Amino acid sequence: MAKLNVNGRVVEVNASPDTPLLWAIRDHVGLTGTKYGCGIAQCGACTVHLDGVPTRSCGVTLGSVTEAQKIVTIEGLSPDGNHPIQVAWRALDVPQCGFCQSGMIMAAAALLAEKPRPTDEDIDAAMTNICRCGTYNRVREGIHRAARGLAG
Amino acid sequence: MLDRRALLQSALLVPLMADAALAQAPAAPPPPTIAGTGGNGTLSGFLRIATDGRVTLFTTTSELGQGTHTAHAQIIADELGCALEAVTVTVGQPEPALRLAGVNEMYTGASFGIRQWAPRLRRGAAAARTVLVQAAAQRLGVPADSLSVAEGRVLHAASNRALTFGELAEAAARLPLPEMPAMKPASERRVSGSNAPRADIPAKTRGAATYGVDVRLPGMLFAVARLPEVFGAELDSFDPAPALAIPGVVQVVPIPRGLAVAATTTWAAMRGAEALVVRWKATPHDNLDSAGVSARLRAALEQPQAQRPRNDGDWEAVRAAAARVVSATYEVPYLAHAPMETENATVRITGDRAEIWAPTQHQDWCVRDVAAALNIPPANVTMHTTYAGGGFGRRLHVEVVAQAAHAARALGRPVQLIWSRADEFAQGYYRPAFAAKMEAALDASGRVTGFNIRGAGGSVMYDYRPWLFRNPNFMDPFALQSVTDTRYRFGQAFRAEYARVDLPPKVWLWRSVGSSQYGFFVESFLDEVAAAANKDPLTLRRELLAHDARALAVLNLAAEKGGWGTPLPPGRHRGIAYMEAYGSLCAEVAEISITRGELTVHKVTVAYDCGDVINPDTVAAQMQGSVVWALSAMKHEAVTLKQGRAEQRNFDSYRIARISEAPVVETHIIRSGQPLGGVGEPGVPPLAPAVCNAIFAATGKRVRQLPLAGQDLTRA
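If you read the protein sequences in the order shown, they are chains W and C. Here the first sequence is numbered in this note's numbering, starting from 1 and rising by one per residue. Here the second sequence is numbered in this note's numbering, starting from 1001 and rising by one per residue.
Bound-form chain C, shown alone (with noise of 0.2 Å):
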């Protein structure tokens, strides 16, 4: 949090620099993901060198485990010239007298946290360092360019003289910041680049990190929602009282889409959310089930009506003049986040000033939201983030932060609003169900020369920025995530089609997007195609590959690395893909076992291109991390509907992968020297195909809907 009078007594504060000034600087192109708003680039942060020589960076990125906040203080500590452990890291906040012009958001996501921050905290730490070189030169009087910086001191080699940047801090605040500062050369840098100790781990080793749950305020109250079963449902009538007997509870109010009971414990919150009895008004989709959703779904596969922002070529030509057509359709579930931490927020209203502390990856969202729920100006509201509990997207959804506050205003208490386990799960805002049919042309010599794809389901960036679709031809960036961009050459035609499909529960950002489904759909049918054309899966890719060295080093490494086409043990079986998300390029190769239809996935070989690396190993655990995620899903995940509600509510219906299931994990990196693309996402897409296409290898099953719960895995 960024306390203000803080800032006012810090000695030198450089503005890290939004994206205009950065223009000339190498930075990541904005990629489709935010496409309407990311042009414009985030909210930017500040850093500050005090004069007892801290050096704090107020960030705008959130800690959700992915290590941001470490690898941020390696950069700064890098271009500074200062030890790691100089560098504080917190999360400042959106207030206005911390915007610079032409910015509007702070949040986390799109893998964002290093490729769109690196350029920025480089340069604003090159602009420190060049300004308290400066102080230093008129302090000593000595030419700038006879010292040198290391250890957070300046130093003069000629006279021995040295002077720390607390000591010059008060002196180079009073002298203009650089506008295009001298930055080090990459073979420069030392810390940045190799692996360094997270600073979030030790509290989390001691139960001592607080994350939105910890919050405890003064005379606040515990509330649990009580929301809707039927998505959409609006409240009709309540009873209380049931609720009131509970001992520990002290009222019910109501907040957007439902009721709030609030207690002087979590746990009376949480009967009394339970014991209240409510009515809900009747919605159109009350019988609405799983079956009628993929209905829906194979019905859009098949109707005129769709969005086409990729027509290369004449597929229908190139269909008619094919020696081979192979076609199929794939189709996955709705998956829930579940993060382990569920949806909170914790509001202290003040007059007309509000406070919120909250786990969430979209502070501006909270403050928005606060502001317009309790009718005040956001400059009035504070924002404190905490350590979240998993972030995966979920907490871009920021409801529970506005029902807070109304649940504050009307107890007249600070409170914090917890969902349970329940609502966590049947509240929506899931990954959408999604169906795809695809079509491969292929000549007679087994050469594919058009592909065309058709995906159909619920818009995220609908749900996520509706305000986007004003422009009627807005095309959903996600809706065909890495698949309208792909670096594939399909020959002669590429047809890319997206038809929507409106459905009750609202969907929303998870773990790599459109990029989680279209990995499954397009990899697993490319393996299809190797199958007719009777090549190896491997050799298929490459050939589709062939212009493109970058991401053919990749799938050869992972290839490689993962034993592709080496002898195997008896009852191993591999399955290799290849997808490109969020500026990276990912390849894994899955090594599996089937054994009376249970499988196992034994060991996972990543092949991984993000351009360049910060710390290797928080690349390695987010590689770890994103495989554990995508085999979860793959094996276990489902959000089912039945009677127009959720039909999980909790861990026992919801299975997670535990321990015993997860592979080894092997992360190879290639340092590419490309911008620098996400880390926290990309690992995700490839793991589904990658294990999918092994089982084909091992039974001749192809698996085309998700999950594997439930399928016969015996060969056939």
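Bound conformation, chain W alone (with noise of 0.2 Å):
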């Protein structure tokens, strides 16, 4: 019985270690925000943070995660939902389909954890996840917003 520390909860998890934490924090823990898109660490719906870092949950195993280290997911991103980068994300309207944006949003709040004041090749390099819909343009603007707010 593994054991995950979950938004500051620890959860036992009973499944097999080779379990990616994706499915792990999907259908054993329940916390269906955290989306599967590709299973490869290519699209970055499964972005996830693990000890601060943003971390794409499909690549990394159940069994390779201890209960030391903390995983915040989207629910657990902030109390009530108002992280700059979530407040910034309506105040702009930027998800459309939406599916990536659990994954953009925890991208984008680590980018702004680690640079405060994040630059366009700051934001080019570290947001590499895939959206469909096509919601770059406002996903810059968003963390900009952010960032202004942050330092405002």
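Careful, some of the hints might be misleading.
Residues from chain C that keep clear of chain W, each with C-beta distances beyond 12 Å, as calculated [as the list claims (entries may be wrong)]:
no. : residue
1   : R1279
2   : A1372
3   : P1378
4   : A1410
5   : A1422
6   : Y1464
Per label pair, the in silico range of CB-to-CB distance [said to hold, decoys possible]:
no. : chain 1 : residue 1 : chain 2 : residue 2 : range
7   : C       : E1316     : W       : A125      : 41 to 47 Å
8   : W       : K3        : C       : D1502     : 54 to 60 Å
9   : C       : T1350     : W       : E121      : 53 to 59 Å
10  : W       : A68       : C       : E1151     : 50 to 56 Å
11  : C       : R1161     : W       : D120      : 56 to 62 Å
Some but not every residue of chain W turned toward chain C, in silico, with C-beta under 10 Å [what the hints assert, rightly or not]:
no. : residue
12  : W23
13  : G33
14  : L77
15  : V94
16  : T128
17  : T135
18  : V139
It should be emphasised that the hints constitute simulated quantities derived from the structure, not laboratory data. Predicted, not measured: the structure shown is a model, and the values here were computed from it. For each residue, glycine too, the CB sits at the ideal point set by N, CA and C.
Join these two chains into a complex; the hints should help.
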């Protein structure tokens, strides 16, 4: 029985150690905000924070994560849904279909934590998530907006 | 979802009128894309006003991220006279009790969401407002015309009295609904026509929106499909043992076209589906590859048989008399939709009833196919439409829903059936691979005197609605989409032909459908014609559209806002293209540079005339999305065939454009007051030609084949 620290709560997961963290989160822990898009760490829809580091959870096995490591999913990013990135996303109507946006928001939040005033080049380098609806213009604008808010 | 009990409890229920009742109201004419079915319109919805004053619209349009639900709420709020926040939009379902005479299908497509629904919504809301006012007049003992409506209340200003919609709903429900209610003039619209925040956004920023794959039911199993690799191959034999050996795997069951591995978790089911040993029967096309597809398309460009929906003037004579003939052949590959959420559906069977949860664009076909799979009446099937992780036409394909029904019956438990990403790429239903040969005749002064085009490729309509082809002369409206009905005037002769090529992969509606390839073909070729005639590409198009003020306005606005003809920084180049699709006119100017053969699209300026606008910011979002969608396809995307199967299985081999490649998109909307046009698709076709024409300006190289990946873009 593996133990995971998800969104500040320790949960027991009865799954084989080779289970990708993505599926442990979705099907065992029961948090469905984290999405399956490709299963090969290409699209970023499954991005969570692992000790603050943006991580594609389909590429991490349950067995490689310890109880000491803090996993944060979209549901735990902020207590009230008001992380600056989430606020900016709502202000700009960033999502379209929204399926990639949990991962997009988690990647953007991690970028801001590392670089409070990211440049366009920083955004290009950090935000490699796929959005099939083409919300990229607004993702960029949303990150800059959230950064301005944090700085302000 | 429409709760029948809630429906009966509701005080005022207003059916949204079918097309017949709308005949006198201004509405967009049915476009050719729904030939054979759309003339009857789609299934209508209901507007409900409850005794607590809440207004609920049971719409028929799925929210795919295109913002339709918010736009619908804006229209209702405006026409009814209540706050936007008081209106909830939810997807109804195609149950017989909700069907109106003469309507037949409930689906989301053809950029219909607003252009087909706005008149119905306005009319329904106006009817509701009329009976609410009548009820208030009776209750207050005053003439109806002494009352006004605002913020969900009917006001009698003279006596300073007001009644809320909720207080009036029951009495209003007993009054007959007017057939032709008076609608507010456009000048009185406040909510509709201005930006409103999208209602679906907050949940999507918290991971709280429920997509198809997020549905959870007590006792449900997860299943993953195992489908053939070679297109159309049939199951020969299989050994379930390696799948059943995986912990969590419960059972292997047959489904249409293959097998499903059911397990207690999605991951176990995925592993099981991979572990399964399956033998597929041989097909006649086990050795087909992309070169073979291309050869078939190019042969069809020369074959004698073709349909000829346009044949104005005598092309052969014009060609013979021409001072010069420009000619070129173009080709594009199969394209996948690759929505972020792979195909899936959840089905629960209870006795002789069934429920479906699916991210779908076609509720009616979901119900139809599940009813057929389970041999129960469609009335016994309940449809729950979830949010969809992308639509783009893909989710008009509902095969996975019937597969889920078969699996649920075999397992005796509710089941969520998912296709893997690999199957999302490998199972066909692509934008067809297509080729076109074009010729333009020019006179000695460089004026276009005739145009001849032959397109060749798979018929989308044949795979989408095969029954239409019982008429042997039926012409697939997608097969020359945006060509046969072009506003361009090509002089004395215009011939347009289509040669159908049936190939193993099924083809399907892919955002902007036939216009997606014809935008590239025609608008790139016109650039060639302009170069041959030594004309500016904008000038040539102005000549061909000189008779059409509306089209000229769109073209000129894109040119003006895109800085056409103005100096550019060193290394920057522009291209322009124009196309009309789904009732909307779109022109785009692309600004690019090429460094060491590497293309950068810096900016795309879009001019757009969709008649009128409900939510300008949503239009801008759709233009941004359309540009990125088309840019990604133009640069990277192709499904290639080898040994009868698709070579692409995931995003590593089917590349999608990332944020670093996204240009700035600037949208300029023209409110021409013409009938409403679509918004989701028409921004796609002009992008590839605008960029490729800019590549010609930069390099002197003409791009006649997509994608650009692998092509040498260094200066000729």
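Now the hints, each set against the structure:
1. R1279: holds, 25 Å
2. A1372: Nearest chain W Cβ is 29 Å from A1372 (chain C), so the label holds.
3. P1378: holds, 28 Å
4. A1410: For A1410 (chain C), whose nearest Cβ neighbour in chain W is about 21 Å away, the distance exceeds 12 Å, so it holds.
5. A1422: Contrary to the label, A1422 (chain C) does not stay out of reach of chain W, its closest Cβ about 9 Å off (not over 12 Å).
6. Y1464: For Y1464 (chain C), whose nearest Cβ neighbour in chain W is about 21 Å away, the distance exceeds 12 Å, so it holds.
7. C:E1316 to W:A125: 41 to 47 Å: Violated, since E1316 (chain C) and A125 (chain W) (Cβ atoms, about 58 Å apart) do not stay within the stated range.
8. W:K3 to C:D1502: 54 to 60 Å: holds, 57 Å
9. C:T1350 to W:E121: 53 to 59 Å: Roughly 56 Å apart at Cβ, these two residues keep to the hinted range, so it holds.
10. W:A68 to C:E1151: 50 to 56 Å: Given a distance of about 55 Å, which is inside 50 to 56 Å, the answer is holds.
11. C:R1161 to W:D120: 56 to 62 Å: Distance hint for R1161 (chain C), D120 (chain W) holds at roughly 58 Å.
12. W23: holds, 4 Å
13. G33: holds, 2 Å
14. L77: With Cβ-Cβ at 8 Å, under 10 Å, it holds.
15. V94: OK, holds: V94 (chain W) within 10 Å of chain C, min 8 Å.
16. T128: Result: holds, 6 Å to nearest chain C Cβ.
17. T135: Since chain C brings a Cβ to about 7 Å from T135 (chain W), closer than 10 Å, the hint holds.
18. V139: holds, 6 Å
In terms of the numbered hints stated before, the structure departs from hints 5 and 7, listed from lowest to highest.
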